[in-house]
Amino acid sequence: AQKITQTQPGMFVQEKEAVTLDCTYDTSDPSYGLFWYKQPSSGEMIFLIYQGSYDQQNATEGRYSLNFQKARKSANLVISASQLGDSAMYFCAMREEHQGGKLIFGQGTELSVKP
Amino acid sequence: GAVVSQHPSRVICKSGTSVKIECRSLDFQATTMFWYRQFPKQSLMLMATSNEGSKATYEQGVEKDKFLINHASLTLSTLTVTSAHPEDSSFYICSARDLENVQFFGPGTRLTVL
Chain A
1 AQKITQTQPG MFVQEKEAVT LDCTYDTSDP SYGLFWYKQP SSGEMIFLIY
51 QGSYDQQNAT EGRYSLNFQK ARKSANLVIS ASQLGDSAMY FCAMREEHQG
101 GKLIFGQGTE LSVKP
Chain B
1 GAVVSQHPSR VICKSGTSVK IECRSLDFQA TTMFWYRQFP KQSLMLMATS
51 NEGSKATYEQ GVEKDKFLIN HASLTLSTLT VTSAHPEDSS FYICSARDLE
101 NVQFFGPGTR LTVL
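Top to bottom, those sequences are chains A and B. Here the first sequence stands for residues 1 to 115, where the numbers follow this note's numbering. Here the second sequence stands for residues 1 to 114, where the numbers follow this note's numbering.
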């Protein structure tokens with residue numbers, strides 16, 4: 001079974017608008033972490049935001065916020081005020097504490113920001 | 001933030017040759033490093049977990065004799081693709097975990113096997 005699912009292969013958003021990228025996960029480990037990474041065409045993986053399973057509040061980092069709904073096992077990324085430089089692949093990832101700390105990635109969403 | 005380097009960034013080789021890719025943590029010690037492979041327009045697939053001073057743990061379906069991993073020091077892990085074939089052409093990315101359990105990614109190595 002897929003542990004991390006991103007159902008949107010591609011998304012378009014108008015510059016300056018907000019966009020939500022979906023991510024659902026599946027785990028029986030009570031302790032886990034959820035991550036979002038941005039991968040531009042250069043290939044580097046840029047860390048954006050982290051949410052721990054025990055965190056009470058949704059994580060925020062500048063224009064990025066994570067909409068964490070634990071009961072639904074979803075961890076959607078919200079990008080506010082989109083910029084042209086936000087165009088890239090976005091990956092959701094999960095780390096389960098009892099699985100050696102390895103990151104498992106979703107399929108990715110390609111975001112295109114229109115001017 | 002912490003920096004992880006990979007060398008080379010690009011490599012082109014002939015079928016049947018072996019290629020070594022280095023992953024270094026530049027300003028921190030990494031007891032654990034991870035190796036991923038990414039095909040075009042696809043996700044990162046974990047190949048193996050590399051622990052300093054011990055054998056690597058390979059994911060299911062990854063041939064350990066094909067992809068040799070050596071983690072000889074706290075700052076260096078190497079991945080050797082032995083007898084490379086065109087189907088091994090891919091983007092290989094390493095990551096290193098620091099003592100606070102934060103994982104940092106290298107810039108990746110693009111391997112093309114002719």
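There may be inaccurate statements among the hints.
[As the list claims (entries may be wrong)] Quick list of in silico lysine-lysine cross-link-like pairs, BS3-like style, CA-CA up to 25 Å:
1. K102/A <-> K20/B
2. K41/B <-> K3/A
3. K3/A <-> K102/A
[Said to hold, decoys possible] Per the computed footprint, the stretches of chain B lying under chain A, defined by three or more beta-carbons under 8 Å from a beta-carbon of chain A, are:
4. 43–51
5. 85–98
Because the hints were derived from the structure by calculation, they are not lab data. Owing to the predicted nature of the structure, the values given are computational and were not obtained by experimental measurement. Positions of the beta carbon are idealized from the N, C-alpha and C atoms, including for glycine.
Is the listed coverage of the stretch 43–51 of chain B by chain A valid when you require three or more residues with a beta carbon under 8 Å from a beta carbon of that chain?
It holds: at least three residues are needed, and the stretch 43–51 of chain B offers 5 whose Cβ sits within less than 8 Å of chain A.
How does the stretch 85–98 of chain B fare against chain A when you require at least three residues with a CB closer than 8 Å, holds or violated?
holds (count 4)
Do the alpha carbons of K41/B and K3/A lie within 25 Å of each other, as the hint requires?
Holds. K41/B to K3/A sits at ~19 Å (cutoff 25 Å).
K102/A and K20/B were given as a pair; does the straight-line alpha-carbon distance stay at or below 25 Å?
holds (23 Å)
Given the hinted pair K3/A and K102/A, is their Cα-Cα distance within 25 Å?
Holds, because 13 Å separates the two Cα atoms, which is no more than 25 Å.
Comparing the model with each numbered hint stated earlier shows that all of them hold.
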